[in-house]
Each structure stands twice: as structure tokens, then as C-alpha cells.
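Colleague: Okay, here's what each chain looks like letter by letter:
Protein chains: 2
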Amino acid sequence: MHKTALIMAGGRGERFWPRSRKNLPKQFLSLTDDGKTMIQLTTERLLPIVAMEDIYIVTNRDYLPLIREQLPELPSENIICEPVGRNTAPCIALGAAHIAKKYGDEDAVMMVLPSDHLVKYSSLYQTTLRDACEVAQKGENLVTIGITPDYPETGYGYIKFVNEINDEDGRAFRVDSFTEKPDLEKAKEYLASDDYLWNSGMFLWKLSTIIRKYEELLPEIYDAMQKIKAAIGTPSQEQLIEELFPKLPSISIDYGIMEKAENIYTIPGTFGWDDVGSWLALERIKKSNEFGNIVDGNIVTINTSNCIIQGTEKLIATVGLKDLVIVDTKDATLICDRDHTADIKKVLENLKICNRNEYL
Amino acid sequence: MHKTALIMAGGRGERFWPRSRKNLPKQFLSLTDDGKTMIQLTTERLLPIVAMEDIYIVTNRDYLPLIREQLPELPSENIICEPVGRNTAPCIALGAAHIAKKYGDEDAVMMVLPSDHLVKYSSLYQTTLRDACEVAQKGENLVTIGITPDYPETGYGYIKFVNEINDEDGRAFRVDSFTEKPDLEKAKEYLASDDYLWNSGMFLWKLSTIIRKYEELLPEIYDAMQKIKAAIGTPSQEQLIEELFPKLPSISIDYGIMEKAENIYTIPGTFGWDDVGSWLALERIKKSNEFGNIVDGNIVTINTSNCIIQGTEKLIATVGLKDLVIVDTKDATLICDRDHTADIKKVLENLKICNRNEYL
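Residue numbers (this note's numbering), protein chains in the order written: chain A, 4 to 363; chain B, 4 to 363.
Think of the hints as simulated: they come from the structure by calculation, not from any bench. You may find that some hints are simply not true.
As the list claims (entries may be wrong) - Where chain B lies over chain A, by a calculated footprint (3+ residues, C-beta under 8 Å):
hint: 1; segment: 312–320
hint: 2; segment: 329–341
hint: 3; segment: 349–355
To be verified - The calculated lysine-lysine pairs, modelled on DSSO-like cross-linking and capped at a C-alpha distance of 30 Å, are:
hint: 4; chain 1: A; residue 1: K317; chain 2: A; residue 2: K348
hint: 5; chain 1: A; residue 1: K355; chain 2: A; residue 2: K250
hint: 6; chain 1: B; residue 1: K263; chain 2: A; residue 2: K325
hint: 7; chain 1: A; residue 1: K290; chain 2: B; residue 2: K250
hint: 8; chain 1: B; residue 1: K325; chain 2: A; residue 2: K333
hint: 9; chain 1: B; residue 1: K355; chain 2: A; residue 2: K355
hint: 10; chain 1: B; residue 1: K348; chain 2: A; residue 2: K349
hint: 11; chain 1: A; residue 1: K141; chain 2: A; residue 2: K105
hint: 12; chain 1: B; residue 1: K263; chain 2: A; residue 2: K290
hint: 13; chain 1: B; residue 1: K163; chain 2: B; residue 2: K189
hint: 14; chain 1: A; residue 1: K6; chain 2: A; residue 2: K189
hint: 15; chain 1: B; residue 1: K317; chain 2: B; residue 2: K348
hint: 16; chain 1: B; residue 1: K230; chain 2: A; residue 2: K39
hint: 17; chain 1: A; residue 1: K317; chain 2: B; residue 2: K355
hint: 18; chain 1: B; residue 1: K263; chain 2: B; residue 2: K6
hint: 19; chain 1: A; residue 1: K349; chain 2: A; residue 2: K39
hint: 20; chain 1: B; residue 1: K232; chain 2: B; residue 2: K290
hint: 21; chain 1: A; residue 1: K317; chain 2: A; residue 2: K263
hint: 22; chain 1: A; residue 1: K348; chain 2: B; residue 2: K230
hint: 23; chain 1: B; residue 1: K104; chain 2: A; residue 2: K325
hint: 24; chain 1: B; residue 1: K104; chain 2: A; residue 2: K289
hint: 25; chain 1: B; residue 1: K141; chain 2: B; residue 2: K230
hint: 26; chain 1: B; residue 1: K6; chain 2: B; residue 2: K104
hint: 27; chain 1: A; residue 1: K355; chain 2: A; residue 2: K191
hint: 28; chain 1: A; residue 1: K317; chain 2: A; residue 2: K290
hint: 29; chain 1: B; residue 1: K163; chain 2: A; residue 2: K349
hint: 30; chain 1: A; residue 1: K250; chain 2: A; residue 2: K230
hint: 31; chain 1: B; residue 1: K232; chain 2: A; residue 2: K355
hint: 32; chain 1: A; residue 1: K333; chain 2: B; residue 2: K349
hint: 33; chain 1: B; residue 1: K349; chain 2: A; residue 2: K317
hint: 34; chain 1: A; residue 1: K289; chain 2: B; residue 2: K333
hint: 35; chain 1: B; residue 1: K250; chain 2: B; residue 2: K232
hint: 36; chain 1: A; residue 1: K250; chain 2: A; residue 2: K184
hint: 37; chain 1: B; residue 1: K317; chain 2: B; residue 2: K355
hint: 38; chain 1: B; residue 1: K141; chain 2: A; residue 2: K349
hint: 39; chain 1: A; residue 1: K317; chain 2: B; residue 2: K348
The structure presented is a predicted model; accordingly, all values stated were derived computationally and were not measured. Glycine included, each C-beta is placed from N, C-alpha and C at the ideal position.
Working from the sequences, and respecting the hints, build out all of it.
Modeller: Set out below in C-alpha cells:
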């Protein structure tokens, strides 16, 4: 079985400001103690199942230098640039066109993976993806990795599955429906019912399957994909993508295909997945000290507890604090109550209004 | 009447860290909106009553360049350097020796003033000092300026006075006793009784009077003062001060003379005195915005109230905060709960232990 992977790395998330910036989004940051960036970790954990030359990264062209720098061993033709962001359905179509053009092998399995999530247990992750590849190889199955929920999270979409097993080993369940982010009451119900998984945004299918689904469900994107595929490797490639891509509808793969297609299966993942959605995620992925503080940098704390303090060489001294997130960078310092991290985007809105783009 | 002033500027206070440092203590900082430093303001408000050439500053020799820079019009022979800090009694004796040597005029009045306090109503201050000079000129009076208390402060010493008026205009009251910093209950009693004033550390006397008091009550310091006075202007001046001064007992003028002498008078001051004892003082001396924040620098606040934020060019963004003091400098940032400003010194202790003297 020929396995390929498409890593989606075009995100411009604001939740790790001021460490993340428009020109350095989360996937290019190192948030773990090993010093590796999110996209480096994502690639590294794929290598036991996909060869480096079969890993593709689709991103905004602004990030091309960052990807070359952080992944020097990735063939440069495997970096696919979107002229603009157009949500996941056009993004994946662009990737599929490139992969199909190169291999002509439409029975190859294509994994689609986010670039900015973390996995605690890599070998479990690899086993899950191998299993998912096998399910994806059969018929016209579309497979998504669901995450067994730990708690009633209201920030994720959920996958409802039915106890109808697809493969002989009992690994994949038929998906009943995808649901939007629930309120807390619903999320609690979902957690208690054992019929729901978190939607992790990881998908697997044969190239031929997904191309047929685009033809059937998103014909406009399919047409563009076919034209782009034909032009790849010719002098008109770049100009054609530049012309066609921005006109495509901005639509997610979930909404455009997964919620409408048949033969959707999910494999529950229990590999310590984390979407690292805010600074508070550091409490799950880094060790806290005896006072419950997560501390990196040149820090002196006096009577300070339950704080996340991310500094640099500059001295940060804290006195009598609790429950704060403090992030220092060369040109900006954030001090945020832990219950208000969702409001970091208001800082960025304020800066935008004032045209202070150097901080975005 | 010949009026002279001795400004004491040797303090090494730590309460304005990280803005104040060992090599830049509070008296050399600008904490008001006018951009002037504390010692500049102290000098400026004296000029309507004392000529610049009659103002003396006694300080640690490390601060000589700062004083020359901040007060370029002060004659350089009016800067008196202590080789080491030895509390106020030796400090004032050293100043008195210099002033007595220059003028020979022992009937001159000498005002002794801190360098790092603020006054809101300068003309009231000047009137009070002029009145005090008149009282000080009579007999062997020692005069101290007391501050009419606003609230039961436990951080100051108090002066108990009796309703026995010294001068015909009814301005000066006889001092009954000086008291140590009280506990809150005592402070409330003092406030209610109307018999107590805050001890501001401002003193006035004739040169001849204070020299006689040293002879009587602090003979060891008196002897050194006489030897130093004789040597001033000779080649041995510096060496003699270097030799004698460090051996003097470290004793305050309050304890050494004021609490023991007769003829102590106080004039109540109502000129908006502030000792600017911690970062919280900024709430009294600067304007707060509609959210109760005192903000200087490049600051974005979201849902932030009752905070003191002192920045520089670097952006500071605050989200969901209240009741904090945030002070940014080039190499260090302090974030401190407003009820814990007294613990800033623990940061400095920690830095000392770790030999990180660059931050002290």
C-alpha cells in the first residue's frame, strides 16, 4: 500500500500571541520542552509510516521560508503553496491534485493531518494511522480519526458513531453524524453516552475515493482540481493556481464532503492527542513546579502559584500572583488572567484598529 | 536671616525596583507626569526661599555624576559625599561642618530635607518653611515639620505635640514626644486624638544650635565634625573624612538628638506631602483613567482595572487583570499584586543570593 500524507500548515492562529505572529503562526513555534516546533514534531511522528518524499505540506506562500528552514529534508517540490486561504476543502483538493499528478497512483492512501496538534504516545498514533489506512484502502471508505473524550469540551466538534464495525479486527466504527461544537450540557451528555468522539480533523482515504467525492459533491472544486493537476509541472502551473484558487468557495471538508458522503468510518484514537488550543495547554504538555507554575526563561517568583510564565533572557519577577499567563517576547509582553485567554484576540483587534501591524 | 538647606540624597531604597536600582535610587527617578526627578523637584521648590548656592546635597559618592547631571546649576562644591552611609546623625553633622566652614555664620538657619518626597502645594510648603525658619532662629529651638495625618498610616513615625504655642503667630507647637511606627489600633487612636502629626523627616535649626546639640548629646560625632570642619579646603580633607566617617556610630538624628533635646517645636504642614513610599503612591500623584488604571508607555489593556502599569516603548498587553502593579524596564519586568508591594524586596534578596548583581 502506497501511503502519502498531506499536512495542512496554512493556519494563522492568534491564540499564542505574542509568541505567535502573522509571520510566525503556532505550527512553527516550539511549545514543548524538546525545542522542536509543532510542524517538526508532526512530520517526525509520521516518518515511521510515511517516507519523507511522500509527505506534502500545503501552506500559505508566506511560510515557504519557514518550512524550508524547519524541515530542510523535505523535498522542496513537496511544499504546496496556496495563494490565499480558502478553508480545508479547496486546500485538500490542491494537495490531492499534486499527489495524484506525481504518482498517477490513485489507489495510494492519502492522510490529511493538521500541523499544529500534539500527540503524547507516538507509537499508538502510528498504530492508529496504520489501522486507518487499511480501512481507507477498502472500497470507497472515508476515515476520520476520532478522539476518545476525557471531559465535556465545548470547543470541539463531535463525531457520533454507531456500533457497526467495518473491518474484521473491530477497529473502525460507522459514523452516524458530525455535530457542531455543543454547549456544556450537550457536551456532558455526549461524554456520558459513550457514542461520541472528538473530531480531530485527521482524515484518511484513497486518492481515487476523495477525487470521486469532489466530483460528486463539490464539482466546482473538482473542475479546478483537474485543471490544476493538468498544469502541474508546466510553465502555466503557478499562474493557473493563482487564477483559479482564489475563486473557489471557502468551505470545510467536514461540511463539503464528510457530512454528506456515505461510508464514513471513524477509528477512536487514545494516543494522548492535544490540539494545544491556548496557552493553558502548556499545563498539559509541560511540567509544573512545586507551586503549580509552568516557568521558562529568566524568572524570579515570590509567593506566585498556578501561573504560566514564558520568558526570554529578560528578567521577569512576579510577586503575590496566581492564575496568570505571562508571555514575554522581544517587542511585546502579555499578562492575561487564565480565565480570559479567549480575549487575547481583543488585543489583536485593538492593535489592528490602531494600525500597529508590527505586533500582529 | 541667612537660610541654607541640606538635602539628604544618599538613600538606596528598593521599593521602586525595577525602575530604581542600586545605581539609580528613587531620588533620581521621575515618577510624576512633569518628567522631573524627585531631587530636581525638591531643589526647585526650595529656590523661592533658599538661593541655589546655599543648597547643599549630601549623598553617597556613587551618585555624584547623577547629581551633576540632574542639577547642573548646583555649585559642585555644594555636593558633599559620604564615603559610606551612616544614618542621619553623622550625615547631618558632615553637612553642618561644610556649611559652617563656608559661612562661619553660625546664626544661619539650616533646613534639613529629604530628597525623595513630593509636595503638592509648593507655595504652602514655602510658607511653612519660612515660618519654621523664624521659629528656628529664636533661642535654641529645634523645629520639625509635622504632617497633619489623613488616615491611620502604620508606616510612619508620629510626633505628639502639646497645645503650647511657641511664637506669637501661633504656628509652632511644643513637641511632647516622638513615637515609633504604631500598629493600626494605635494609629487610629492617634488620628482621632488630633494630638499627633506624621514625622516627615524635615528639620530646621540654627547652625550654632545643632552644633551645640551634637557637642552635648553626640560628642563622638561632634569631635569628628570639628576635625572635618578644620580640614575642609585643605589637602587632607578627603582622607580625613574617609578615615573618620566610617567609624562614626550609625544613629538617626531623631534618636540621637530630637528625642533627647529640649525646645523641640513642630509646625503642622498641610501642603500635600507624600513620601512616595511604594508604587501605589502613583495613584495619588498621577491621574488614573476611566478604569482606574495608571498607565504610562506603550500599553493595550483589555478588561483591566485598578492597575498601575509603567512601561517603556515595548508593548505591554493586559487581559482580564485587576489590582496589579506592572513595571517594565529594559532588562527586567515586575508583575506584583497591589497588596504585596512590600515583598518586592524579596525579589532583590533572591537576586542577591544568586549573585545577579546586574539587576540590583
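Colleague: Give a verdict on every hint.
Modeller: Now the hints, each set against the structure:
Beta-carbon proximity to chain B at under 8 Å applies to 4 residues in the segment 312–320 of chain A; the threshold of 3 is reached and the given coverage holds. For the segment 329–341 of chain A, the stated coverage by chain B is satisfied: 9 residues place a CB nearer than 8 Å to a CB of that chain, which reaches the threshold of 3. Figure legend: the segment 349–355 of chain A, annotated as covered by chain B; annotation consistent (4 residues with Cβ-Cβ distances under 8 Å, at least 3 required). For a cut-off of 30 Å, the pair hint linking K317(A) to K348(A) stands: about 25 Å separates their Cα positions.
For the proposed pair K355(A) and K250(A), the alpha carbon gap of about 26 Å is at most 30 Å, so the pair holds. Between the alpha carbons of K263(B) and K325(A) the distance comes to roughly 48 Å, so the proposed pair goes past 30 Å and is violated. For the suggested pair K290(A) and K250(B), the alpha carbons sit about 53 Å apart, so the restraint of at most 30 Å is broken. About 25 Å separates the Cα atoms of K325(B) and K333(A), which keeps this hinted pair within 30 Å; it holds.
Restraint check: the Cα-Cα separation between K355(B) and K355(A) comes to about 42 Å, which exceeds 30 Å; the hinted pair is violated. For a cut-off of 30 Å, the pair hint linking K348(B) to K349(A) is broken: about 35 Å separates their Cα positions. Under the criterion of a C-alpha separation no larger than 30 Å, the hint pairing K141(A) with K105(A) is consistent with the structure, at around 22 Å. A C-alpha spacing of about 60 Å is found between K263(B) and K290(A), which places the hinted pair above 30 Å, so the restraint is violated.
Taken as a hint, the K163(B) and K189(B) pair is honoured in the structure, with Cα atoms around 13 Å apart against an allowance of 30 Å. Using a Cα cut-off of 30 Å, the hinted pair K6(A) and K189(A) is violated, with the two alpha carbons roughly 37 Å apart. Between K317(B) and K348(B), the direct Cα distance comes to roughly 25 Å. Compliance with the 30 Å bound is thereby established for this hinted pair. Distance hint between K230(B) and K39(A) is unfulfilled; the C-alpha atoms sit about 70 Å from each other, more than 30 Å.
In summary, the hint linking K317(A) to K355(B) is supported, as the alpha carbons are separated by about 17 Å, within the 30 Å threshold. Between K263(B) and K6(B) the alpha-carbon distance is near 25 Å, which keeps this suggested pair within the 30 Å criterion. Distance restraint check for K349(A) and K39(A): the Cα-Cα separation of roughly 29 Å lies within the 30 Å cut-off, and the hinted pair is therefore satisfied. Distance hint between K232(B) and K290(B) is unfulfilled; the C-alpha atoms sit about 47 Å from each other, more than 30 Å.
Between K317(A) and K263(A) the alpha-carbon distance is near 53 Å, which puts this suggested pair outside the 30 Å criterion. Proximity of K348(A) to K230(B) is assessed by CA-CA distance (about 69 Å); at most 30 Å being required, the pair is judged violated. This hinted pair does not check out: K104(B) and K325(A) have alpha carbons roughly 58 Å apart, beyond 30 Å. Restraint check: the Cα-Cα separation between K104(B) and K289(A) comes to about 68 Å, which exceeds 30 Å; the hinted pair is violated.
In summary, the hint linking K141(B) to K230(B) is supported, as the alpha carbons are separated by about 28 Å, within the 30 Å threshold. Between K6(B) and K104(B), the direct Cα distance comes to roughly 15 Å. Compliance with the 30 Å bound is thereby established for this hinted pair. For the proposed pair K355(A) and K191(A), the alpha carbon gap of about 37 Å is over 30 Å, so the pair is violated. Using a Cα cut-off of 30 Å, the hinted pair K317(A) and K290(A) holds, with the two alpha carbons roughly 22 Å apart.
A C-alpha spacing of about 55 Å is found between K163(B) and K349(A), which places the hinted pair above 30 Å, so the restraint is violated. Restraint check for K250(A) and K230(A): satisfied, since their Cα atoms lie roughly 14 Å apart, inside the 30 Å limit. Simply put, K232(B) and K355(A) have alpha-carbon atoms about 66 Å apart, too far for the 30 Å limit, and the pair is violated. As the CA atoms of K333(A) and K349(B) are separated by approximately 26 Å, the hinted pair is consistent with the 30 Å bound.
At roughly 19 Å between alpha-carbon atoms, K349(B) and K317(A) fall within 30 Å of each other, so this suggested pair holds. At roughly 28 Å between alpha-carbon atoms, K289(A) and K333(B) fall within 30 Å of each other, so this suggested pair holds. Taking the CA atoms of K250(B) and K232(B), the gap is about 17 Å. The hint holds against a cut of 30 Å. This hinted pair checks out: K250(A) and K184(A) have alpha carbons roughly 28 Å apart, not beyond 30 Å.
Taken as a hint, the K317(B) and K355(B) pair is honoured in the structure, with Cα atoms around 27 Å apart against an allowance of 30 Å. Taking the CA atoms of K141(B) and K349(A), the gap is near 66 Å; set against the 30 Å cutoff, the hint is violated. Of the supplied pair hints, the one linking K317(A) and K348(B) holds, its CA atoms being roughly 19 Å apart against a limit of 30 Å.
When held up to the earlier numbered hints, the structure conflicts with 6, 7, 9, 10, 12, 14, 16, 20, 21, 22, 23, 24, 27, 29, 31 and 38 and fits the remainder.
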